[in-house]
Structure formats: structure tokens, C-alpha cells
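Sequences listed follow chains A and B, in order.
Its first residue numbered 33, the first sequence is counted upward by one per residue in the numbering used here.
Its first residue numbered 2, the second sequence is counted upward by one per residue in the numbering used here.
Hints were generated in silico from the structure; no laboratory data involved.
By construction, the Cβ of each residue, glycine as well, lies at the ideal position given by its N, Cα and C atoms.
Heads up, a few of these hints could be off.
Unchecked claim - Computed footprint of chain B on chain A; a stretch qualifies when at least three of its residues, placed anywhere within it, have a C-beta under 8 Å from a C-beta of chain B:
| no. | segment |
| --- | --- |
| 1 | 148-161 |
| 2 | 270-276 |
To be verified - If you anchor each label on the Cβ, the simulated ranges turn out as follows:
| no. | chain 1 | residue 1 | chain 2 | residue 2 | range |
| --- | --- | --- | --- | --- | --- |
| 3 | B | Ala75 | A | Ala227 | 25 to 35 Å |
| 4 | A | Ser220 | B | Arg72 | 15 to 25 Å |
| 5 | A | His147 | B | Glu123 | 28 to 38 Å |
| 6 | A | Lys278 | B | Thr152 | 22 to 32 Å |
| 7 | B | Glu114 | A | Lys459 | 37 to 47 Å |
| 8 | B | Ala28 | A | Glu70 | 28 to 38 Å |
| 9 | A | Arg447 | B | Glu123 | 22 to 32 Å |
| 10 | A | Asp390 | B | Glu167 | 28 to 38 Å |
| 11 | B | Gly118 | A | Arg292 | 45 to 55 Å |
| 12 | B | Pro31 | A | Ala456 | 47 to 57 Å |
| 13 | B | Glu114 | A | Gly59 | 51 to 61 Å |
| 14 | A | Gly395 | B | Lys116 | 52 to 62 Å |
Claimed, not checked - To give an idea of the interface, some chain A residues facing chain B are shown, with a C-beta separation under 8 Å as derived from the structure:
| no. | residue |
| --- | --- |
| 15 | Phe120 |
| 16 | Ser359 |
| 17 | Phe366 |
| 18 | His383 |
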Amino acid sequence: MDRIFTRDWDKPQGHLLSVYEEAGGYGALKKALSMTREAVMGEVKAGNLRGRGGAGFPAGVKWGFMAKDDGGPRYLCINADEGEPGTFKDRYIMERSPHLMLEGAAITSFAINAHACYIYIRGEFYSAARRVREAIDEAVKAGHLGKNIHGSGFDLDIHVHMGAGAYVCGEESALIESIEGKPGKPRSRPPFPAAVGLFNRPTIVNNVETIAAVPSIIERGGAWYAALGTPGNGGTKLYCVSGHVKKPGIFELPMGTPLREIIFTHAGGMRGAAPLKAVIPGGSSTPVLTPQEIDVKMDFDGLKAVGSMLGSAATVVFDDTACMVRSLARLAHFYAHESCGQCTPCREGTHWMAKIVDRIESGKGRAGDIDLLDDVASSIMGNTICPLGDAAAMPVSGFLKKFRVEFEEHVTTGRCRFPPQALAPVKTDRAWV
Amino acid sequence: MHPPDGTVPEEGMALTFSDKAEAEIKALLPRYPAGEAALIPVLTLAAQEYGALTDDVIDLVSTRLGIPPTRVLATATFYTMLPKKPVGKHHVQVCTNIACSLLGAEHVVEKLERKLGIRRGETTADGLFTLSEVECLGSCGSAPVMMVNETFHENLDEDAIDRVLEECRRG
Ligand SMILES: Cc1cc2nc3c(=O)[nH]c(=O)nc-3n(C[C@H](O)[C@H](O)[C@H](O)COP(=O)(O)O)c2cc1C
Ligand code: SF4
Ligand code: FES
């Protein structure tokens, strides 16, 4: 299989421009600059490249929404906030193949006619930010970025902007607010960023992985890229697998690879004798699946069909030593902590949910708590400014639907029969395959 | 503190940025069409210079960027990585989110609490360590994970935790 993201990850100095150029790097940018903007966008549309930040919106289509060029500034923002629990791919792209992202950024900026691009990197990713800054310097020196790129007359400045600790800033309008120096509180839409975005100008926000896929599409064509995946879900995908498996890590596989194959072939199956109990397929907000449901194709449509979501393809695997109530409590606290507080259902609801799950977990659950929890979750759904509210409610509904018995058992027996998880790191020699 | 000309400030004199920080701010500003966009990077710099964003540091940032102090404060308080009070020399942040908790993150925190003699959220009396419990650090495939200042420590086992603390104490 063609490896798009991980091609250079095994090379000792794979992050350097010289290595990237040796493998043909920045050739796609030169090619794009000789094409029309519409043709570049057309290839990306034909490739069925869907956004890898979670929602799966077709990238080429989104670019097409950019407001008409009035000669004023237009921006590209790359979302490198990577905060969805379970997700750990964008940091690797930035540390190991920064030029892939930068070349993608240059091609995308050309396609939407933006002359400034901000890479919003989460505050904790010091080493990734260092790598990206070094790569920008290398690329500017070599004429791949900056003024009059490769004699095309196209100018582009790329800036790193570090976050400062707030999960909600991964939401695209909060990210924009954050770059503007404000608290990361999502904006209500419309208008969408493509009309009124960063500094009130037309803006596209794309995930790191989405952007890093772009050079390969221009180099080898949209039809080639589309054929790598399933209908409507082009390309390869970086699947992040964590939890109770033998070989956790990042696996670059075709879009639509069955979840069972990802867990049992690529990630080596369960780490011990305990059998599989549950799988969160696409990051903490995506509804949990049971072992009977893992023959699903891991693409946007396959997971939607079973009532879950591909999200950021962050697969968390639980064996039957895990307490589902305790696990949900952990997630509920996360969302309560990260709510920006703008909407009442999200601000109040996330805290109620955390409190009720805690009560059940500690054995003090009351009759009616489970239904109450379910009610709170459904009253958040669809009633908030940004999807964080839904993201907090969905795991709750999902856990209650699939593992209700375990919640009932906690309430009726007044105790948890699962011991705490022992310290059990998995020693892998490297984090990707 | 740190007036650009190197003179010693008088009591009650407003704070200033060091020459190094001032140079960084000068490099930052042209990257944005509006000065306010430099606020988070400048607050990050200010926290590095002064250890915490106390009222007089907020005033310094407000004056330097020409942004009202209330707006500076609103942003400073929103972000968890902008410290309102000083943290220890080694800030130990343990992820206890879902993937790490499945592989024993709670044990990591408890062990650190025992070894450092403090609870999560506290700083040791000698100011050497602050222990924090944090959300997913984006390294779930190498769980359990903690960060000490700018460095990730992954696949933590008993020995690794001991070793990291020893290295901090030595260096
Ligand atoms: C609460 C919340 C957090 C998000 N966090 C991220 C993130 O860390 N990284 C990301 O790329 N997208 C994140 N998103 C999705 C973004 O809003 C946006 O859809 C995405 O960056 C668009 O890029 P894409 O079309 O390439 O996927 C988040 C959304 C929400 C609601
Ligand atoms: S849903 Fe939650 S995070 Fe999103 S805007 Fe409302 S309060 Fe803020
Ligand atoms: S859950 Fe600990 S790093 Fe992601």
C-alpha cells in the first residue's frame, strides 16, 4: 500500500528538508502553482478527501465556500490543537514529516488564494512546534515559502501560533477567537469562517492530517487518491489505537479498514487474557461499540451506519477488567472541565452529568439516577452553540445504551466490583506501523 | 524589573520586559494584522519571565500591547497553561484521561503524591515540584504519560517514574 503520512517516519532524519526533497518533496507545490486554482480544488474534490479533524466534511467543497476574492486578506488556519482524548497523530505528523504539512499548507493557500497561514499548535507540543518552526525556516530559505514562490508570483507566510491549554480551542471558531487573543469561546454560526473568519476575513480551518494529504493528491491525482479508500472516503487514514491492546500506536491504513482488523491484526489484539469489552472507535466523544459491533468499516459512513462516528479515528480499546462507569466518569469530568461556559445546557449539564456518574460510581447512586443522567444528556444534544455540548452528551447516551447493566449493578449493589487498573505500560519500540 | 537600559528599578516602579523578551515581542507583532493577536504569545512570554501572571504582570502586558487590563485578564484566566500563581521548578503533569487511566495513570499520580509528599495541585515546600493532574496530552499510544516542563515521559513504569524524579533533583 502507498504510505502517504508515514513514508519517512522510519528514516532517522526524516523531518529534514533534504530527505523530503530527495523523495520528491515540494514537487506537488510546483505542479499546483502551474495549475489554475479551480483545477487544484477540483483534484482535491475528486479525491474525496474528508476532513480529519472529526466532522469529515469534504475539504475541496469547504474551500469552494470561501467568499469571493475582494482583494483583501484571506487566511488558512491549520488546526493542530489535537485535544480529543485518544488522538495522537497530528503531533507525529508535525514531528516526523513537518514538510508534508507545510507543502500541503502552501498548496491549500494557493487554492484559496490566502497569503498568510497560521498553524495553531496546542501549547504542550513544544517539540512539535520547534520542528515546525525549523522546517518553516528551511522551506523559506529554499524558496518553497515566502515571496514569489518558485517564480509564480504567489506569496505565502506561515506562522506558528501556540495555544495555552483549552480543549475547546480545537473547535474552529474558538480557534479563531484564540488566535485573535481572546478567550476561546466558540462563535455562533452563520456566518461561517469561510465568509467571516479570522480578523473578520474569509478563513479556512483544516486539520493537520487533512492538509498533509493534499500534496499526494496533487502529485498523483484525485482519482488515484479516491481509489485508495472506499466510495466517498478517499485516501489512507492514520488510525490511533490505545488502551488494552498488545501494540498500541498509529497505523496508516486505507480508509474503511475494518475495526476488527485494526484491533486484532494491526494492534496485535488484546494485551492479556481478558477479553474485549468495549471500543470507543473515534475519540472520546464518539459513541462506544460492543464486541459484536466491530466488523464495521472504519470510515465516516461505516461508523455512522452503526450509530457512532469516525471522529478523529482515535480507537480506545477496553478489556473486561475496565469499569465502564468509572471510564464514563473520567470522560464526564473532562467535558465539564472543558466547557467554555457560554451555553447553559453545556455549562450546567456537563457538571450535572459528572456529579451523577460520580455518585453511581462511588456506590451512592439513587434509583432514577440512570434515567436522570440520560435525560440530562438528551437535553444538551442539539441545544448549544458549538458541538462540545453534543460531544459531552454522546458518550453518556452511548455508555448507558450499551452498558446499562453495569450502571444498574452499581446502583443496586452500592459498590464497584472492578479493582483499579494496575500500572501496565506497553513497551513498544515505536509508536507507528 | 529588567528595564531595557539595564538600570535598577526603584521601589514601586512599573515592571518591564527583559531585552530578550522585548526582542521576541518585536518579532511577534508583525505576524498579525492586529496587535491583540499577539496577546497569548506575549502572556506566555510574561509568564516565563515572571513565573506567574500577577496583577502587575497583567498591567505590564496591558501597557505594552495597549489592550485594556480587563481584556488581558479575561484571556489570561481562560487558559490553563497561563499560570496565575507560581509553579515549582519542575512542573510534573500526569495525564489521567481515558487511555492513560486504563493503563494505571491513577497509580502514577498516587505514587508521585507519596514520593513528593504533596497532593495533586500542590507545590513542594522547597519549590522544586508542582504536581498536576491534566487532561489528554495527545500521547495515548504511549500511555501512561506525564510531562515535566517541556518534556514528555511516556510508557511510564515504576522505574521510569523514580528515574525522572531523580534526574529533576540532580539537575
Ligand atoms: C470541542 C471541539 C474540539 C475540536 N478539536 C479539534 C482538534 O483538536 N483538532 C481538529 O483538527 N479539529 C477539532 N475539532 C473540529 C474543528 O471544529 C473543525 O471541524 C476542523 O478543524 C476542521 O478541519 P477538517 O475539515 O480538516 O477536519 C473540534 C471540534 C469541537 C467541537
Ligand atoms: S457548547 Fe459548551 S463549549 Fe460550546 S459554546 Fe456552548 S458552553 Fe461553550
Ligand atoms: S489519554 Fe493520556 S495522553 Fe491521551
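A quick look at each hint next to the structure:
With 6 residues bearing a CB less than 8 Å from a CB of chain B, the segment 148-161 of chain A meets the requirement of three and the coverage assertion stands. For the segment 270-276 of chain A, the stated coverage by chain B is satisfied: 5 residues place a CB nearer than 8 Å to a CB of that chain, which reaches the threshold of 3. Under the hint 25 to 35 Å, the C-beta atoms of Ala75/B and Ala227/A, about 26 Å apart, fit the expected range. Taking the beta carbon of each, Ser220/A and Arg72/B are about 21 Å apart, inside 15 to 25 Å as hinted.
Checked against the given bound of 28 to 38 Å, the beta carbons of His147/A and Glu123/B, roughly 48 Å apart, lie outside it. Taking 22 to 32 Å as the suggested C-beta distance range, the pair Lys278/A and Thr152/B conforms, at roughly 27 Å. Roughly 25 Å separates the CB atoms of Glu114/B and Lys459/A, a value that falls outside the hinted 37 to 47 Å. A beta carbon spacing of about 37 Å between Ala28/B and Glu70/A agrees with the range 28 to 38 Å that was offered as a hint.
Taken as a hint, the range 22 to 32 Å holds for the pair Arg447/A and Glu123/B, whose Cβ atoms sit roughly 30 Å apart. At about 36 Å, the beta-carbon gap between Asp390/A and Glu167/B stays in the expected band of 28 to 38 Å. Taking the beta carbon of each, Gly118/B and Arg292/A are about 47 Å apart, inside 45 to 55 Å as hinted. For Pro31/B and Ala456/A, the Cβ-Cβ distance of about 50 Å falls inside the hinted range of 47 to 57 Å, so the restraint holds.
At roughly 54 Å, the beta carbons of Glu114/B and Gly59/A sit within the given window of 51 to 61 Å. The hinted range of 52 to 62 Å is not satisfied by Gly395/A and Lys116/B, whose Cβ atoms lie roughly 30 Å apart. Taking 8 Å as the C-beta cut-off, the interface hint given for Phe120/A holds, the closest approach to chain B being about 5 Å. Because the smallest distance between the Cβ of Ser359/A and any Cβ of chain B comes to about 6 Å, under 8 Å, the interface hint for this residue holds.
The interface hint given for Phe366/A is met, as the beta carbon of that residue sits about 6 Å from the closest beta carbon of chain B, less than 8 Å. Evaluation of the His383/A hint against chain B yields a violated restraint, the C-beta minimum of about 16 Å exceeding 8 Å.
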